[in-house]
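Asks: Use the sequences and the hints to build the structure in full.
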Amino acid sequence: MSTVQPFHQVTGIAAPLLRANIDTDAIAPSRFRPASLSKYGYEAALFAGLRFDEDGAERPDFVLNQPPYRNAVALVVGPNFGCGSSRETAVWALRDFGIRAVIAPTFGSIFETNCLRNGLLPLSLPPAEHQRLADETFAPTASAHLTIDLDTCRVAAADGPQHTFTIDERSRRQLLSGLDTIGETLLLRETITRFRTRDRHRRPWNYPTRSTTPEGPTDG
Numbered sequence: 083m084s085t086v087q088p089f090h091q092v093t094g095i096a097a098p099l100l101r102a103n104i105d106t107d108a109i110a111p112s113r114f115r116p117a118s119l120s121k122y123g124y125e126a127a128l129f130a131g132l133r134f135d136e137d138g139a140e141r142p143d144f145v146l147n148q149p150p151y152r153n154a155v156a157l158v159v160g161p162n163f164g165c166g167s168s169r170e171t172a173v174w175a176l177r178d179f180g181i182r183a184v185i186a187p188t189f190g191s192i193f194e195t196n197c198l199r200n201g202l203l204p205l206s207l208p209p210a211e212h213q214r215l216a217d218e219t220f221a222p223t224a225s226a227h228l229t230i231d232l233d234t235c236r237v238a239a240a241d242g243p244q245h246t247f248t249i250d251e252r253s254r255r256q257l258l259s260g261l262d263t264i265g266e267t268l269l270l271r272e273t274i275t276r277f278r279t280r281d282r283h284r285r286p287w288n289y290p291t292r293s294t295t296p297e298g299p300t301d302g
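In the numbering used here, the protein residues as written are 83 to 302.
You may find that some hints are simply not true.
[Unchecked claim] Computed beta-carbon distance windows for the label pairs:
#1 Asn153 x Arg284: 56 to 66 Å
#2 Glu125 x Ser191: 19 to 29 Å
#3 Arg284 x Asp250: 25 to 35 Å
None of these hints come from the bench; they were simulated from the model. Remember, predicted model here, so these are calculated numbers, not experimental data. Where a beta carbon is used, it is the ideal one built from N, C-alpha and C, also for glycine.
Replies: Okay, here's the thing in structure tokens:
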């Protein structure tokens, strides 16, 4: 059965990357396209053009190269995060770095779907509330810690007020269970088999049959 890491409650460091319109090519550049069928091993791809210089050395001014953000479990980002192409490596790179959630006012629609398929929470807040959470999390006296609770659909900075977020119930169940779309479908195997059996009797012409009579030469 196909599974991902279940998401219930995550507490840890959040990193600020509040610019708008960060596209999937910035998140995982195209040169990191998968050379195999593996979904893993993409940590080095994450923001590679921003994290590293031309010689592969870390850029000290990039947020994920700075303590304590090297150990971030969440990103607080600007609007339209994950726009651009549909490459799933953008989500794989975030996941492999250790990111469990991305918090934004809006997301690229395909990126958002890919997040849900891979156990990463795309948490959307209205712009004003998103800004308040960023201010609470990254204030000079704050610890940059936050807690995301998917059971109650709430997020809060350390010692800050709780903010309620919404997510459709099917996606929420999928993240809580740790099952991707294939895993959810496999749970319905018995139901699918029963349906196919009934439907085969009702509409046999829709199902191919194998001939039981071998073909051979005919008398001529």
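Asks: All the hints need checking, so say for each whether the structure fits it.
Replies: Hints versus structure:
no., hint, result
1, Asn153 x Arg284: 56 to 66 Å, "57 Å, holds"
2, Glu125 x Ser191: 19 to 29 Å, "25 Å, holds"
3, Arg284 x Asp250: 25 to 35 Å, "33 Å, holds"
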